[in-house]
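Listed below are the residues making up each chain.
Protein chains: 2
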Amino acid sequence: MPLPIETPAVLVDLEIAKRNIERFQAYADEHGIRVRPHIKTHKLPQMAELQLQAGAIGITCQKVTEAEAMVAGSDRIKDVLITYNILGDAKMARLERLNDRVSLSVVADSETVIDGLAGYFADKDKPLHVLVECNTGADRCGVGSPAEAAKLARRIEEAKGLVFGGLMTYPPVNGQAKVQAFMSEAKQLIEADGITVPAITSGGTPSMMHADGAPVASEYRPGTYIYNDRSLVSRGVAGWDECALTVLATVVSVPSENRAIIDAGSKVLTSDLLGLTGYGHVLGRDDIRIDQLSEEHGRLVTDGPIGLKVGEQLRIVPNHACVVTNMFDAVHIVEGDRLKDIWPVVARGHVL
Amino acid sequence: MPLPIETPAVLVDLEIAKRNIERFQAYADEHGIRVRPHIKTHKLPQMAELQLQAGAIGITCQKVTEAEAMVAGSDRIKDVLITYNILGDAKMARLERLNDRVSLSVVADSETVIDGLAGYFADKDKPLHVLVECNTGADRCGVGSPAEAAKLARRIEEAKGLVFGGLMTYPPVNGQAKVQAFMSEAKQLIEADGITVPAITSGGTPSMMHADGAPVASEYRPGTYIYNDRSLVSRGVAGWDECALTVLATVVSVPSENRAIIDAGSKVLTSDLLGLTGYGHVLGRDDIRIDQLSEEHGRLVTDGPIGLKVGEQLRIVPNHACVVTNMFDAVHIVEGDRLKDIWPVVARGHVL
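In order, the protein sequence lines correspond to chains A and B. Each residue of the first sequence is one higher than the last, beginning at 1 in the UniProt record's numbering. Each residue of the second sequence is one higher than the last, beginning at 1 in the UniProt record's numbering.
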């Protein structure tokens, strides 16, 4: 029976999402790690509430406008970390309004960013908490050495209007040992300078079940774990039955014996490969490869006969769940094969 | 001087867009080809009006909801071709309402799709025009042979509520000879069967200046030509000064001498590679490679010193303009370095 949902659509199985939340929370509780989920994966206040209810201490956002949408969507969200260098007075004004409403922290990895925040917050009533972002090997943002981290911690500590909030990193794959080494040294240097390090926060779903490999970190920020996706299944981190987010698509053409076209292309599945070949996994059909996407078409190919009919519905686990969430104004909440609700993705498309 | 625009943002230079429209319209007029631009690139009624004003006979959309948004946004849009197999009563009802308002055509490449349309439109006052989609080598949708095209033309012709509208294809790269061969044979077969072929429509920006290589086609559907992008520059189809769409981004981190991070990641530039290496071109900086994107960060690397400062703005030509348009609720209309207007992208995110 096809689902009574117009395709293409994003389905989120609530029971699976809840199980995924509980699984990591139990692990974190066991190891004394505080959980601060990254909401980029779901962009839904309702999901953040489930994470908080399970024991999360707050949420992580990447952008100011994303944080605004989440806080506006739930009065249970009271503690927000924005893991981003914020620049410019327009964004500062948004930060100030958020800071008046919740416990807010941001990060910085340069004197320029710290001085920008300090210049704005110096004369405000409520100071802003700032963590130093550290590069433990992912080679994106972050200071390159514990000594630099200590230098920036001192600069934050001395700035009127700012409070030093600790250290933050997004580790490289299998990077727990690097996190432990970098953060231990940075913490030691900062404490030797007479400054307390209130939190050390690390993250990433791929290595979350090894978070205890960096005991210096007090907090962990997993994102994708709530939904999982093909990239995590391919890394052995999750099984297909732990993938809460799927794309519902319809076969619109079967132009040859071993080729079919679905109504989900790059505007739905996105072109994110994350090191994989192909653009998603058709549930129940290991033999099908999604080998090509145009904007509104996905091409499915097989070595043998593809055996699909025009009009047939398929469920697809995308390579990367987070970016698919961002393509839709709303998601369909299901439990198994039953449609339960439709939730607008209130933090979608917020890039500022 | 930085532009007074919060980043990341999409900028569209109106003068460049107008020149791009005029250039192809002049070529098409010279060769007696009717122009029916694909609006997927801009998703803006205002841009469609500029295309119609220059001489386009109507527009092309890929999805029903996209067509709805465009028609609602401009009463000058009176002729719409949706180059998609439409299935299911919910979408048919939308088609019917659109068909009552404008000259509407859709395509079909199977008996299942034709019979679905015929079943819905049989008892309606106004018939729906249906073209047969042909596979001339792109191996996506489309019937595989002229004989199959003729068979479906007959089926449409005989269906109550449907009118045969002609033949449609999206050709492979450098595929003019294939279009000419397939379409000539199909036309001959259909006319020999006593059926008129009102239009033969081909498309694609990459080969648009060779559209005269398939004189059997009466109509052409370029999309990206209005904005151009890095993929078209790399194919030699356009120059950087003909790229109307750029992404304005800010350097948020310069963590090492040859690495900088901007506030535009895959949620802005998208992961579309289109066969290229890297995720975009920084205008004026041929030496910079955008070698890695995460959702909110783009990583810029150079062999020598990168010479960028935190807070500096950059303009980036993305690999693929159309998909970037789909990531933003609004675009900033500029002329050179001056901000003229902000236009909401009314047909963004319409996947149904």
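Some clues are possibly wrong.
Any copy, or any two copies together, can satisfy a pair, since identical chains are not distinguished.
[Unchecked claim] With a straight-line Cα cutoff of 30 Å, these simulated DSSO-like cross-link-like pairs (lysine-lysine) come out:
(1) Lys160 x Lys18
(2) Lys160 x Lys178
(3) Lys340 x Lys126
(4) Lys18 x Lys124
(5) Lys124 x Lys160
(6) Lys160 x Lys309
(7) Lys309 x Lys124
(8) Lys340 x Lys178
(9) Lys18 x Lys151
(10) Lys178 x Lys126
(11) Lys126 x Lys160
(12) Lys178 x Lys309
(13) Lys151 x Lys309
(14) Lys151 x Lys178
(15) Lys124 x Lys178
(16) Lys160 x Lys340
(17) Lys124 x Lys340
Hints listed in this document are in silico derivations from the structure and should not be mistaken for laboratory results.
Quiz item: Which of the listed hints are broken here?
Solution: 1, 2, 3, 4, 8, 9, 10, 15, 16, 17
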